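Participant: The chain contents come next:
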Amino acid sequence: MPRRTVYEASIEYMQILDEHGNLDEKLAKDTLSDDDVVYMYEHMVTCRQLDEIAFKLQRSGRMGTYPQNKGQEAAAIGSGFAAKKGEDWLVPCYRENAALYMHGLPMHYILLHWMGDERGNQIPDGVNITPISIPIGTHMLHAVGIAWAMKLRKEPRVVLTYFGDGSTSEGDFHEAMNFASVFQTPTVFICQNNQWAISTPRESQMNSETVAQKALAYGMPTCQIDGNDIFAAYKATKEATDRARAGGGPSFIEMVTYRLGDHTTADDARRYRDQAEVDAWKEKDPIIRTRLYLESRGLWDDDRQIKLQDRAKTIVSEVVKAAEDIEKPGTDDFFDHMFAVLPEHLIRQRDTLRTSSIGQNPEQAGLRATPARV
Amino acid sequence: MPELIETPIHPAAGPWDLPEFVSEDQLPSRQGDRVIQYREALREAMAEEMRRDKRVYLIGEEVAQYNGAYKISQGMLEEFGPKRIIDSPISESGFAGMSIAAAMYGLRPIVEFMSWSFSLVAADPILNNAAKMLYMSGGQWGCPIVFRGNDGAGGQLGSTHSWCVEGLFANVPGMKMVIPSCPYDAKGLLKTAIRDPDPVFFLESERMLGDRAHVPAEEYYIPFGQAAKLREGDACTLVSFGRPVNFCLEAARRLAEDGIECDVLDMRTIRPLDIESIAASVQRTGRVVVVDQSWPFGSVASEVMAQVCEHCFDWLDAPPARVNTADVPTPYAKGLEQAYLPNPDRIVAAVENIVQG
Numbered sequence: 001m002p003r004r005t006v007y008e009a010s011i012e013y014m015q016i017l018d019e020h021g022n023l024d025e026k027l028a029k030d031t032l033s034d035d036d037v038v039y040m041y042e043h044m045v046t047c048r049q050l051d052e053i054a055f056k057l058q059r060s061g062r063m064g065t066y067p068q069n070k071g072q073e074a075a076a077i078g079s080g081f082a083a084k085k086g087e088d089w090l091v092p093c094y095r096e097n098a099a100l101y102m103h104g105l106p107m108h109y110i111l112l113h114w115m116g117d118e119r120g121n122q123i124p125d126g127v128n129i130t131p132i133s134i135p136i137g138t139h140m141l142h143a144v145g146i147a148w149a150m151k152l153r154k155e156p157r158v159v160l161t162y163f164g165d166g167s168t169s170e171g172d173f174h175e176a177m178n179f180a181s182v183f184q185t186p187t188v189f190i191c192q193n194n195q196w197a198i199s200t201p202r203e204s205q206m207n208s209e210t211v212a213q214k215a216l217a218y219g220m221p222t223c224q225i226d227g228n229d230i231f232a233a234y235k236a237t238k239e240a241t242d243r244a245r246a247g248g249g250p251s252f253i254e255m256v257t258y259r260l261g262d263h264t265t266a267d268d269a270r271r272y273r274d275q276a277e278v279d280a281w282k283e284k285d286p287i288i289r290t291r292l293y294l295e296s297r298g299l300w301d302d303d304r305q306i307k308l309q310d311r312a313k314t315i316v317s318e319v320v321k322a323a324e325d326i327e328k329p330g331t332d333d334f335f336d337h338m339f340a341v342l343p344e345h346l347i348r349q350r351d352t353l354r355t356s357s358i359g360q361n362p363e364q365a366g367l368r369a370t371p372a373r374v
Numbered sequence: 001m002p003e004l005i006e007t008p009i010h011p012a013a014g015p016w017d018l019p020e021f022v023s024e025d026q027l028p029s030r031q032g033d034r035v036i037q038y039r040e041a042l043r044e045a046m047a048e049e050m051r052r053d054k055r056v057y058l059i060g061e062e063v064a065q066y067n068g069a070y071k072i073s074q075g076m077l078e079e080f081g082p083k084r085i086i087d088s089p090i091s092e093s094g095f096a097g098m099s100i101a102a103a104m105y106g107l108r109p110i111v112e113f114m115s116w117s118f119s120l121v122a123a124d125p126i127l128n129n130a131a132k133m134l135y136m137s138g139g140q141w142g143c144p145i146v147f148r149g150n151d152g153a154g155g156q157l158g159s160t161h162s163w164c165v166e167g168l169f170a171n172v173p174g175m176k177m178v179i180p181s182c183p184y185d186a187k188g189l190l191k192t193a194i195r196d197p198d199p200v201f202f203l204e205s206e207r208m209l210g211d212r213a214h215v216p217a218e219e220y221y222i223p224f225g226q227a228a229k230l231r232e233g234d235a236c237t238l239v240s241f242g243r244p245v246n247f248c249l250e251a252a253r254r255l256a257e258d259g260i261e262c263d264v265l266d267m268r269t270i271r272p273l274d275i276e277s278i279a280a281s282v283q284r285t286g287r288v289v290v291v292d293q294s295w296p297f298g299s300v301a302s303e304v305m306a307q308v309c310e311h312c313f314d315w316l317d318a319p320p321a322r323v324n325t326a327d328v329p330t331p332y333a334k335g336l337e338q339a340y341l342p343n344p345d346r347i348v349a350a351v352e353n354i355v356q357g
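Sequences listed follow chains A and B, in order. Just so we're aligned, residue 1 is where the first sequence starts under this note's numbering, counting upward by one. Just so we're aligned, residue 1 is where the second sequence starts under this note's numbering, counting upward by one.
Simulated from the structure, these hints should not be mistaken for laboratory data. None of these values were measured; they are calculated from a predicted model. Be aware that a few hints might be false.
To be verified - For lysine to any residue, the following SDA-like pairs were computed, each having C-alpha atoms within a straight-line distance of at most 20 angstroms: (1) A/Lys84 / A/Ile129; (2) B/Lys229 / B/Arg322; (3) B/Lys71 / B/Pro89; (4) A/Lys238 / A/Ser33; (5) A/Lys282 / A/Asp268; (6) B/Lys83 / A/Val182; (7) B/Lys132 / A/Leu342; (8) B/Lys83 / A/Arg153; (9) B/Lys334 / B/Trp295; (10) B/Lys83 / A/Pro156; (11) B/Lys132 / A/Arg119; (12) B/Lys132 / A/Val341; (13) A/Lys56 / A/Glu318; (14) B/Lys54 / A/Arg153; (15) A/Lys154 / A/Phe183; (16) A/Lys70 / A/Arg153; (17) B/Lys83 / B/Lys132; (18) B/Lys132 / A/Arg350; (19) A/Lys85 / A/Pro124; (20) A/Lys154 / B/Lys54; (21) B/Lys132 / A/Thr331; (22) B/Lys132 / A/Ile347; (23) B/Lys132 / A/Ala340; (24) A/Lys307 / A/Val38; (25) A/Lys313 / A/Leu57; (26) B/Lys83 / B/Ala47; (27) B/Lys132 / A/Pro343; (28) A/Lys328 / B/Tyr135; (29) A/Lys282 / A/His20; (30) A/Lys328 / B/Gly139; (31) B/Lys132 / A/Gly116; (32) A/Lys238 / A/Gly104; (33) B/Lys132 / A/His345; (34) A/Lys321 / A/Thr65; (35) B/Lys83 / B/Ile59; (36) B/Lys132 / A/Phe335.
Can you make the complete structure from the sequences, with help from the hints?
Facilitator: Here you go:
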């Protein structure tokens, strides 16, 4: 038999809650309780409110740049809900606020980050999240490295990492997938396939039918799900985290979703994509379908919705106040965390607030050298 | 499998596990008859630190089964096992990036680049993540990691495999850069690098791995940011780091025969830079030649000269001079490669020029 098939594979797609709020009861069995869904819905609405306000803060000059999360809340919430708070780690990029918030990151930290205050990345103890990562793809290696360290430390923990469809074109993505596979690290790779990498559509980004199939090359369990469906996002992630925790190695999940907003506030997506496409995806908004589902179960009504929206507004305005009330960073602050112990030349630069050559010598600048701050 | 590691996962928060440093004259003697190779000194440093700290591991291409492409890690797999001496897929960005995270998560990685030339494909993790992690996490995530490997022209490796990365990478704040010139320093500095709480770029030289000299059997740590004065003289200061330090010593010996006595300073670390020692010497001799085995434009030599001008302008009796490579890609042909690199002849000529000129 000179020719034979040596490898065959298929990619499974899963949807449990459709865009009309209909649930596949069989698949939904043993996934989310009513209380869980209410909790997740409330988080999604609150994070949508944060998203809207953050956008306005940027437009009014109170924030540098901001990437909207709108439309992708289910992927973040559903997967994040499968992570054990205080145990598992999230290694995010920058479009999964809802997962970070639910995993315990105080919301004003997210605003501080985008306002340019590194204190927003000083994640509180016990909240297992790494700083928001802006370079495309580099953080997936961190997810593998942390997971690998956990494995060596014999900790029964899992790392979930988030990234977009565009980042799967990066070499680092493939290196991370290969390492995770070879070293069998407890890592869950969560691709939020939101169809657009800034202005590059998915079909120009890759010639693969699915993103999920890229994991086949690394011998990794993989699937594609409806990323606007909290049930599917939770179920797929829970299976992956259970497998990883039991020593079964890494998994890959492609969550098919859509970026309803611009790439960031520095972008205007109207210039490159059809409004009809955006409108069609608005119909699939995860918040709409989750609410329809809750209403069909008698768990939600207009009154509860109004109360939730009021509460979300209050929470977010308090968060904005918390972020803006923190004393602004001064020039001393950017020297503070350069090294574990600040070296002499940086102490001089800090104390003279100058980086010109003359400023590096306080005596020349007419200033007395101050002793090292410990 | 290593024992369970229970130390804090945020190394930035300490404890940092710094060694106790003693002054230069209290370090073990450089003279003795325990003569070993530079590569053995490196191995000894790694092995000693791995014995005392189970968080330390070595990863790289060919480091385990093959004992290292340059046999630096010979025998280490046998002693420490495959969980700590790790053969990596050919994937520099991959093993650098994941080791950065392992460092953030409480391990103490030693990442071997077979050559620093190959670190160029890992530039994003080592420069954008390792060097900035502490800063960008507001002081929360430290990154105690050592990247090490061969730097500079080897024996006819061609231009793509002969990189001197010091000029390129030293521009980036947030990391420390070490470049030892002899086996004694290689051991003492690498041990300090492994104990250091910040990312350290440790630059070795393929040309020196077989160099033999006395290396004390006991443990010792050479602090960063302290240049070593290897020779005393009052006519001119020779400043260098890494392999060309040896050329400076040879040049100084020859110059002494003509009555020109030079200070020879080995910087040992590029970041932090011990400008105080260099300035003190130049203020005494009034002349300086900086020798650097990388390209002249925007090089470490340029930086040293700039700082010498800032600190010693009124003391200078001649314009500062430098000896770099030619400003061309490293030639492959043997004779051309030698002509391209700094050598004792060119150093002697540079000193004579400013001393007599």
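Participant: For every hint, state whether the structure bears it out.
Facilitator: Hints versus structure:
1. This hinted pair checks out: A/Lys84 and A/Ile129 have alpha carbons roughly 12 angstroms apart, not beyond 20 angstroms.
2. With a CA separation close to 19 angstroms, the supplied pair B/Lys229 and B/Arg322 stays within the 20 angstroms bound.
3. At roughly 18 angstroms between alpha-carbon atoms, B/Lys71 and B/Pro89 fall within 20 angstroms of each other, so this suggested pair holds.
4. Distance check on the hinted pair: A/Lys238 and A/Ser33 sit about 14 angstroms apart at the alpha-carbon level, within 20 angstroms; holds.
5. A hinted pair counts as satisfied when its Cα atoms are at most 20 angstroms apart, and A/Lys282 with A/Asp268 qualifies at roughly 17 angstroms.
6. For the given pair, B/Lys83 sits about 13 angstroms from A/Val182 by alpha-carbon distance, which is consistent with the 20 angstroms threshold.
7. For the given pair, B/Lys132 sits about 14 angstroms from A/Leu342 by alpha-carbon distance, which is consistent with the 20 angstroms threshold.
8. Proximity of B/Lys83 to A/Arg153 is assessed by CA-CA distance (about 11 angstroms); at most 20 angstroms being required, the pair is judged to hold.
9. Between B/Lys334 and B/Trp295 the alpha-carbon distance is near 18 angstroms, which keeps this suggested pair within the 20 angstroms criterion.
10. Straight-line distance between C-alpha atoms of B/Lys83 and A/Pro156 comes to about 18 angstroms, which keeps the hinted pair within the 20 angstroms bound.
11. Distance restraint check for B/Lys132 and A/Arg119: the Cα-Cα separation of roughly 14 angstroms lies within the 20 angstroms cut-off, and the hinted pair is therefore satisfied.
12. Pair hint B/Lys132 plus A/Val341 holds up; C-alpha atoms about 15 angstroms apart against a cutoff of 20 angstroms.
13. As the CA atoms of A/Lys56 and A/Glu318 are separated by approximately 15 angstroms, the hinted pair is consistent with the 20 angstroms bound.
14. Of the pairs offered as hints, the one joining B/Lys54 and A/Arg153 holds, with about 11 angstroms between alpha carbons and a cut-off of 20 angstroms not exceeded.
15. For the hint pairing A/Lys154 with A/Phe183, the CA-to-CA distance comes to about 14 angstroms; that is within 20 angstroms, so the pair holds.
16. As the CA atoms of A/Lys70 and A/Arg153 are separated by approximately 38 angstroms, the hinted pair breaks the 20 angstroms bound.
17. The suggested pairing of B/Lys83 with B/Lys132 is violated, with an alpha-carbon distance near 28 angstroms, which exceeds 20 angstroms.
18. About 18 angstroms separates the Cα atoms of B/Lys132 and A/Arg350, which keeps this hinted pair within 20 angstroms; it holds.
19. Restraint check: the Cα-Cα separation between A/Lys85 and A/Pro124 comes to about 13 angstroms, which is no more than 20 angstroms; the hinted pair holds.
20. Restraint check: the Cα-Cα separation between A/Lys154 and B/Lys54 comes to about 14 angstroms, which is no more than 20 angstroms; the hinted pair holds.
21. Straight-line distance between C-alpha atoms of B/Lys132 and A/Thr331 comes to about 17 angstroms, which keeps the hinted pair within the 20 angstroms bound.
22. Among the hinted pairs, B/Lys132 with A/Ile347 is consistent with the structure: their alpha-carbon atoms are about 18 angstroms apart, no more than 20 angstroms.
23. Among the hinted pairs, B/Lys132 with A/Ala340 is consistent with the structure: their alpha-carbon atoms are about 12 angstroms apart, no more than 20 angstroms.
24. Between A/Lys307 and A/Val38 the CA atoms are separated by roughly 13 angstroms; this keeps the pair inside 20 angstroms, and the hint holds.
25. Only pairs whose Cα atoms come within 20 angstroms are accepted, and A/Lys313 paired with A/Leu57 is accepted, the gap being roughly 14 angstroms.
26. Taking the CA atoms of B/Lys83 and B/Ala47, the gap is near 14 angstroms; set against the 20 angstroms cutoff, the hint holds.
27. Restraint check for B/Lys132 and A/Pro343: the C-alpha separation of about 16 angstroms stays at or below 20 angstroms, so the hint holds.
28. Between A/Lys328 and B/Tyr135, the direct Cα distance comes to roughly 16 angstroms. Compliance with the 20 angstroms bound is thereby established for this hinted pair.
29. Of the pairs offered as hints, the one joining A/Lys282 and A/His20 holds, with about 12 angstroms between alpha carbons and a cut-off of 20 angstroms not exceeded.
30. Pair hint A/Lys328 plus B/Gly139 holds up; C-alpha atoms about 17 angstroms apart against a cutoff of 20 angstroms.
31. Annotation: proposed proximity of B/Lys132 to A/Gly116 holds, straight-line Cα distance about 15 angstroms (limit 20 angstroms).
32. With a CA separation close to 19 angstroms, the supplied pair A/Lys238 and A/Gly104 stays within the 20 angstroms bound.
33. For the proposed pair B/Lys132 and A/His345, the alpha carbon gap of about 18 angstroms is at most 20 angstroms, so the pair holds.
34. Distance restraint check for A/Lys321 and A/Thr65: the Cα-Cα separation of roughly 18 angstroms lies within the 20 angstroms cut-off, and the hinted pair is therefore satisfied.
35. Straight-line distance between C-alpha atoms of B/Lys83 and B/Ile59 comes to about 10 angstroms, which keeps the hinted pair within the 20 angstroms bound.
36. A C-alpha spacing of about 12 angstroms is found between B/Lys132 and A/Phe335, which places the hinted pair at or below 20 angstroms, so the restraint holds.
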